[in-house]
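S.K.: The chain contents come next:
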Amino acid sequence: MPDPLSENTTYLDLHVHSADGSDDAGGTVEGYLKWITARRAHGLRIDGFVVTEHRRFDPDRDYSALAARYGAIVLRGVEVETDIGHVLVFGVTPEFLSRFDLTSISLPSEEVFRAAWETGGVAVGAHAGRPRIGCVEHVDERGVTLEGVHVLEALNGGSNDYENGRAFDLADARGLRAVGGSDAHFVSALGGCLTRFDRAIHTVDDLVAALRDPAAAYTPIYLEDTAEGVEPRPRPSGTPVLQPFSSGQGTLGGDVIEYDRSVVGREVLVGSFEVTRELIASFCQALDERNPLYTDEAFAAQGPHGGIIAPPGIIQAVRMGPAPNPGVKFGSSTMMAGQLHEYYLPVRPGDTIEGFAQVREVYEKTGRSGRMVFVVRRTRFANQHGEDVAALQTTSVHREMRPVGEAE
Amino acid sequence: MRSGRATVGDPLPVQRYLEDVSVGDMFEETQQPTHAQVVEFLDITGLFPGDARITDAETARAAGLEAAIVPGPMSASMLTRLVTDWMGPLGRVLSLDVSYRRAVWHDDRLRCVALVTDVNGDGDFEGTGEGAVHLDVTLENERGEKPVQGTAIVVMPRRA
Numbered sequence: 014m015p016d017p018l019s020e021n022t023t024y025l026d027l028h029v030h031s032a033d034g035s036d037d038a039g040g041t042v043e044g045y046l047k048w049i050t051a052r053r054a055h056g057l058r059i060d061g062f063v064v065t066e067h068r069r070f071d072p073d074r075d076y077s078a079l080a081a082r083y084g085a086i087v088l089r090g091v092e093v094e095t096d097i098g099h100v101l102v103f104g105v106t107p108e109f110l111s112r113f114d115l116t117s118i119s120l121p122s123e124e125v126f127r128a129a130w131e132t133g134g135v136a137v138g139a140h141a142g143r144p145r146i147g148c149v150e151h152v153d154e155r156g157v158t159l160e161g162v163h164v165l166e167a168l169n170g171g172s173n174d175y176e177n178g179r180a181f182d183l184a185d186a187r188g189l190r191a192v193g194g195s196d197a198h199f200v201s202a203l204g205g206c207l208t209r210f211d212r213a214i215h216t217v218d219d220l221v222a223a224l225r226d227p228a229a230a231y232t233p234i235y236l237e238d239t240a241e242g243v244e245p246r247p248r249p250s251g252t253p254v255l256q257p258f259s260s261g262q263g264t265l266g267g268d269v270i271e272y273d274r275s276v277v278g279r280e281v282l283v284g285s286f287e288v289t290r291e292l293i294a295s296f297c298q299a300l301d302e303r304n305p306l307y308t309d310e311a312f313a314a315q316g317p318h319g320g321i322i323a324p325p326g327i328i329q330a331v332r333m334g335p336a337p338n339p340g341v342k343f344g345s346s347t348m349m350a351g352q353l354h355e356y357y358l359p360v361r362p363g364d365t366i367e368g369f370a371q372v373r374e375v376y377e378k379t380g381r382s383g384r385m386v387f388v389v390r391r392t393r394f395a396n397q398h399g400e401d402v403a404a405l406q407t408t409s410v411h412r413e414m415r416p417v418g419e420a421e
Numbered sequence: 017m018r019s020g021r022a023t024v025g026d027p028l029p030v031q032r033y034l035e036d037v038s039v040g041d042m043f044e045e046t047q048q049p050t051h052a053q054v055v056e057f058l059d060i061t062g063l064f065p066g067d068a069r070i071t072d073a074e075t076a077r078a079a080g081l082e083a084a085i086v087p088g089p090m091s092a093s094m095l096t097r098l099v100t101d102w103m104g105p106l107g108r109v110l111s112l113d114v115s116y117r118r119a120v121w122h123d124d125r126l127r128c129v130a131l132v133t134d135v136n137g138d139g140d141f142e143g144t145g146e147g148a149v150h151l152d153v154t155l156e157n158e159r160g161e162k163p164v165q166g167t168a169i170v171v172m173p174r175r176a
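Protein chains in written order, with this note's numbering: chain A, 14 to 421; chain B, 17 to 176.
Hints are computed from structural coordinates only; laboratory data are not their basis.
Ideal Cβ positions, reconstructed from N, Cα and C, are used throughout, including at glycine.
Please note: incorrect hints may appear among the correct ones.
FRET-style restraints, in silico, Cβ to Cβ [claimed, not checked]:
#1 B/T46 / A/S250: 27 to 37 Å
#2 B/G62 / A/G156: 22 to 32 Å
#3 B/Q48 / A/R82: 39 to 49 Å
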């Protein structure tokens, strides 16, 4: 195994989100490190990664000791949101932090790139080919000049080939450097795209020095192409193909969102429900669920619970009254963005389940569809014995949506 | 791979044990939520009353979606099924954390993939002798997209 600390080549994934700081990420830093170990065992080369959480940078966090246990490097940067899309910043200093409110979803991009450079760091246009949140579209449609931009993330693990191809085309046309990052939110996506540096990178200072140096040798690469003897794939094409659907609508900023703050954090009883054998059978049928623990009384009687239990997902079939509503005044459409299920005890036929719901949080960010406002609700489910059996935390997103096919 | 209704004589789910699991292990199955199943799911859960984006393609398109969509809780339940199918009857699901990134359409044929990302093999889960296993779980459609991604934590028994 090559020791990254003694090599003259370093393979770094420059764009990773973790559950420590990104609302939509499921991967933990240690989970990523274990995944690196597993990938290395398959002959792939990855020396480390940079944690770039969305819209936040905790100056006191340090993963170096943890990383050293796995013989890897874990550095930190941040992914901020600007008027030309998302931007990765490496070499984040207190001075940089003092100039911006990182939670803003429409920071002035020219100032972000300039401030990063002036404070000794470097800013990189993230997933440059992605609709709305990458800079290519802003260059094409609004003639944005990319003043002060030196590097684009042209190979992004969350973008498709066409989007990445567009990013490479822009980098070529403007004489910009290109890097790669996985944009991993989950462990198994780590390193899918990364950057090969032809020098040793041990620290953020090393990374920033390389990215600021016009003569430094570095290139984006796919993880599979790091195996010995593999010929790297050509970069993806930016030639238009039949484009996958992209909602590409809405703006990246606007007025402060109005909502009722008084409901946040107040838990209320929203209903109760009896779980019947019939409900369990219908639920199983809707999901083609054939696990005999849930469907076969004779089998289940011999099993760990001494009888049929409900599939864990049954808590979603527990009918409840309306959850507390913060009355967000934004957007034409509401969709689910995420769900966290926690299961504590089995649910059995005959159980009476009560639900207690609260609004946990309201916040905003930007994505392919422009500005988005998120509402996080949590419902706790208790049985007739007063035991908590499960909890369900649901994040819904408010967006502006236009009918499909209607011009912008 | 399983599709269609349960029939007599289906094999029982395989029991997996902690000792047999390692980081990088992959398990996959196919699930295909039909329009009829979506309607059934809505009927029994009572979720999203009156939201025709879930049942009617025209309404969905008028709301900026391309097709009638499978509701998020149903996608989450498909991921739960993936996990319980993988681990076997003696395992327990502790948590499932799901991120909905794109819409799932009715009748989408979904490749459901579970990847082991962590095995707490030397741990003793709450004094039970069992161990916690972390999985990345994904629904992948035939358009090459991964509309639903998440993580699951399960507790599995030891063989001994």
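S.K.: State the violated hints by number, sorted upward, taking the hints as numbered earlier in the document.
M.R.: Of the numbered hints given earlier, the structure breaks just one, which is hint 2.
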